[in-house]
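Undergrad: Hey, can you work out the whole structure from these sequences and the hints?
Number of protein chains: 2
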Amino acid sequence: MEQKIGVYGLGAMGFGIAQSLLKNGYKVFGYDVNVKQVERLCAEGGKAAANVLELNAVCIVVLNAQQTEQVLFGQNGVVPTMASGAVVVSCATVDPSFAKKMEKKCAEYNVLYLDAPISGGAVKAARGALSVIASGTDDAFIAAAPVLDAIATTVFKLGDTAGAGSAMKAVNQLLAGVHLAAMAEALTFGMTQGISPEKFVDVITQCAGTSWMLEDRAPHIVLGDYTPHSSVDIWPKDLGIVLEIAKSVNFSAPLTTVALQQFFKASSAGLGREDDAAIAKIYALDAGITLPGVS
Amino acid sequence: MEQKIGVYGLGAMGFGIAQSLLKNGYKVFGYDVNVKQVERLCAEGGKAAANVLELNAVCIVVLNAQQTEQVLFGQNGVVPTMASGAVVVSCATVDPSFAKKMEKKCAEYNVLYLDAPISGGAVKAARGALSVIASGTDDAFIAAAPVLDAIATTVFKLGDTAGAGSAMKAVNQLLAGVHLAAMAEALTFGMTQGISPEKFVDVITQCAGTSWMLEDRAPHIVLGDYTPHSSVDIWPKDLGIVLEIAKSVNFSAPLTTVALQQFFKASSAGLGREDDAAIAKIYALDAGITLPGVS
Numbered sequence: 046m047e048q049k050i051g052v053y054g055l056g057a058m059g060f061g062i063a064q065s066l067l068k069n070g071y072k073v074f075g076y077d078v079n080v081k082q083v084e085r086l087c088a089e090g091g092k093a094a095a096n097v098l099e100l101n102a103v104c105i106v107v108l109n110a111q112q113t114e115q116v117l118f119g120q121n122g123v124v125p126t127m128a129s130g131a132v133v134v135s136c137a138t139v140d141p142s143f144a145k146k147m148e149k150k151c152a153e154y155n156v157l158y159l160d161a162p163i164s165g166g167a168v169k170a171a172r173g174a175l176s177v178i179a180s181g182t183d184d185a186f187i188a189a190a191p192v193l194d195a196i197a198t199t200v201f202k203l204g205d206t207a208g209a210g211s212a213m214k215a216v217n218q219l220l221a222g223v224h225l226a227a228m229a230e231a232l233t234f235g236m237t238q239g240i241s242p243e244k245f246v247d248v249i250t251q252c253a254g255t256s257w258m259l260e261d262r263a264p265h266i267v268l269g270d271y272t273p274h275s276s277v278d279i280w281p282k283d284l285g286i287v288l289e290i291a292k293s294v295n296f297s298a299p300l301t302t303v304a305l306q307q308f309f310k311a312s313s314a315g316l317g318r319e320d321d322a323a324i325a326k327i328y329a330l331d332a333g334i335t336l337p338g339v340s
Numbered sequence: 046m047e048q049k050i051g052v053y054g055l056g057a058m059g060f061g062i063a064q065s066l067l068k069n070g071y072k073v074f075g076y077d078v079n080v081k082q083v084e085r086l087c088a089e090g091g092k093a094a095a096n097v098l099e100l101n102a103v104c105i106v107v108l109n110a111q112q113t114e115q116v117l118f119g120q121n122g123v124v125p126t127m128a129s130g131a132v133v134v135s136c137a138t139v140d141p142s143f144a145k146k147m148e149k150k151c152a153e154y155n156v157l158y159l160d161a162p163i164s165g166g167a168v169k170a171a172r173g174a175l176s177v178i179a180s181g182t183d184d185a186f187i188a189a190a191p192v193l194d195a196i197a198t199t200v201f202k203l204g205d206t207a208g209a210g211s212a213m214k215a216v217n218q219l220l221a222g223v224h225l226a227a228m229a230e231a232l233t234f235g236m237t238q239g240i241s242p243e244k245f246v247d248v249i250t251q252c253a254g255t256s257w258m259l260e261d262r263a264p265h266i267v268l269g270d271y272t273p274h275s276s277v278d279i280w281p282k283d284l285g286i287v288l289e290i291a292k293s294v295n296f297s298a299p300l301t302t303v304a305l306q307q308f309f310k311a312s313s314a315g316l317g318r319e320d321d322a323a324i325a326k327i328y329a330l331d332a333g334i335t336l337p338g339v340s
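Those protein sequence lines, which keep their order, are chains A and B. Counting along the first sequence from 1, when you hit position 11 you're at 56 in this note's numbering, and nothing is skipped either side. Counting along the second sequence from 1, when you hit position 116 you're at 161 in this note's numbering, and nothing is skipped either side.
Some clues are possibly wrong.
It does not matter which identical chain is meant; a pair holds if it fits inside one copy or across any two.
[As the list claims (entries may be wrong)] Once the Cα atoms are required to be at most 27 Å apart in a straight line, the calculated DSSO-like pairs of lysine-lysine come out as:
id: 1; residue 1: K292; residue 2: K310
id: 2; residue 1: K244; residue 2: K282
id: 3; residue 1: K169; residue 2: K282
id: 4; residue 1: K68; residue 2: K282
id: 5; residue 1: K244; residue 2: K292
id: 6; residue 1: K145; residue 2: K244
id: 7; residue 1: K244; residue 2: K149
I should point out that these hints are in silico values taken from the structure, not numbers from a laboratory. Fair warning: this is a prediction, and the values are worked out from it, not measured in the lab.
TA: In structure tokens, the structure reads:
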């Protein structure tokens, strides 16, 4: 039986996912508030999702929980129109309690739910090489298998109910956000001591102070290239979710709190749409130093 | 001409360095406030440094700047007794301005000075596999070459004057200390969401949230093994140096400041001599959760 798969949210990540699904021979139906993105998908062999019934799977690749709920259960929500036993693959970074709520609501329509936040960026999305940090019932994993095979090279199975995937994604974002701000703090601190960003990258990537984020983002600062692969504005959102969860269990997360403040400053300074390495511009401003390629 | 090399400070790192020098065939003269360590060195073929004149090189592997200055220029200080053209290889983590001061004072005795903080831990020290983050004159590097060849597999040359090596070491310690505390924050945060430390390590080490420190230290928490490879008390000292330097140039380092507070808490709680992964115990205490193997 031919699989009909919907992709809701055709931004950088969602569009790449839709392309990967098309490459794997599926019928792909796309939706985005921006009609131009739907037209772009149609030009590549996809179709518009409007009024399509009986989808077997939908990937939800929107910004946050609110948009996810709107797409699933709002006006023209997709879940009530889906085939019985179909699966929602929910990719946005959300609070685990929200994921559990959606799983339960989907079950009322006999629709499965996979809590499936993604990691890897737009380039990997288009290559079908994402990592998916997933949790859900065995049935949800089985129903989602065609989608997961098409979009990901690594699928972490975190548990048999929604929530665990989102929890691990939050843990990852806590670390990635703190490491990004720490890289900016260390790089600019080094500049005050006469260490160039280039020398910083050369040496630190070979030392105990290195991190995945440092190795990925510090070269952007060396090149003065702030083309947004992943933008500053991701972090107030994602670290905000971390602190919401932390608050719900009275967990004190002081480093996350401080890192979030730095991203707020960057966003307020008008850097929200720049690459997230631009967090270094906040430190440079505070310290009165000039980063490469920044006037 | 036979090289006579002194090693001042025979703790875990210094003793390993002395062993590496012995393996390379040098005459090694050791000093430590703890006489037992000197006796241990003698049992392995070394000698006591007391009253030995005309050393060609000395490695200073003590705790801090104060001890370094004491050994070099205090009562029975070694520098005035060294051969002309001999070299001091100074390995403690210190403020760059202190390193510059020592270089200048050594020059008064016609003794060279290599600003040479080390990284890698006791096991690598004994295997001659350290990393050295060094700066100094060409003459200092040439004079120190036999020592560096014996103790290190990687030597970073940061510049032609003392200070640059210590500055880069401070940058590295800033990152390593923040990453260590961030690992503890994320691991315990995950536990509040039902993620076991083991699952945390399995997944995060393959994701964007990973760091060198996380990969090295988080397994200690999984095993509940706090045998001190590198102890908690290193961090109040090293992050304190970072903030001293930062203060001298009015640099705001908010993540470093918060990480330091967490290490102060750990030290105050009596964890100073435990492995530095014990920083997680502070987070666990705050959150009311129980780490593996901790009662």
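Undergrad: Decide, hint by hint, whether the structure agrees.
TA: Hints, one by one, checked against the model:
When the C-alpha separation of K292 and K310 is checked against a cutoff of 27 Å, the pair qualifies both within a copy, at 22 Å, and between copies, at 21 Å. Taking CA atoms no more than 27 Å apart as the test, K244 paired with K282 passes between copies only; the shortest distance there is 25 Å, against 32 Å inside one copy. Taking the closest pair of Cα atoms, K169 and K282 come within 27 Å of each other only inside a single copy of the chain (22 Å); across copies the shortest separation is 42 Å, beyond that limit. Taking the closest pair of Cα atoms, K68 and K282 never come within 27 Å of each other, the shortest separation being 32 Å inside a single copy and 56 Å across copies.
Taking the closest pair of Cα atoms, K244 and K292 come within 27 Å of each other only across two copies (23 Å); inside a single copy the shortest separation is 40 Å, beyond that limit. For the identical chains of this complex, K145 and K244 are inter-copy neighbours only, at 20 Å across copies versus 47 Å inside a copy, given an alpha-carbon limit of 27 Å. For the homomeric pair K244 and K149, the shortest alpha-carbon distance between copies (25 Å) is at most 27 Å, but the shortest distance inside one copy (52 Å) is not.
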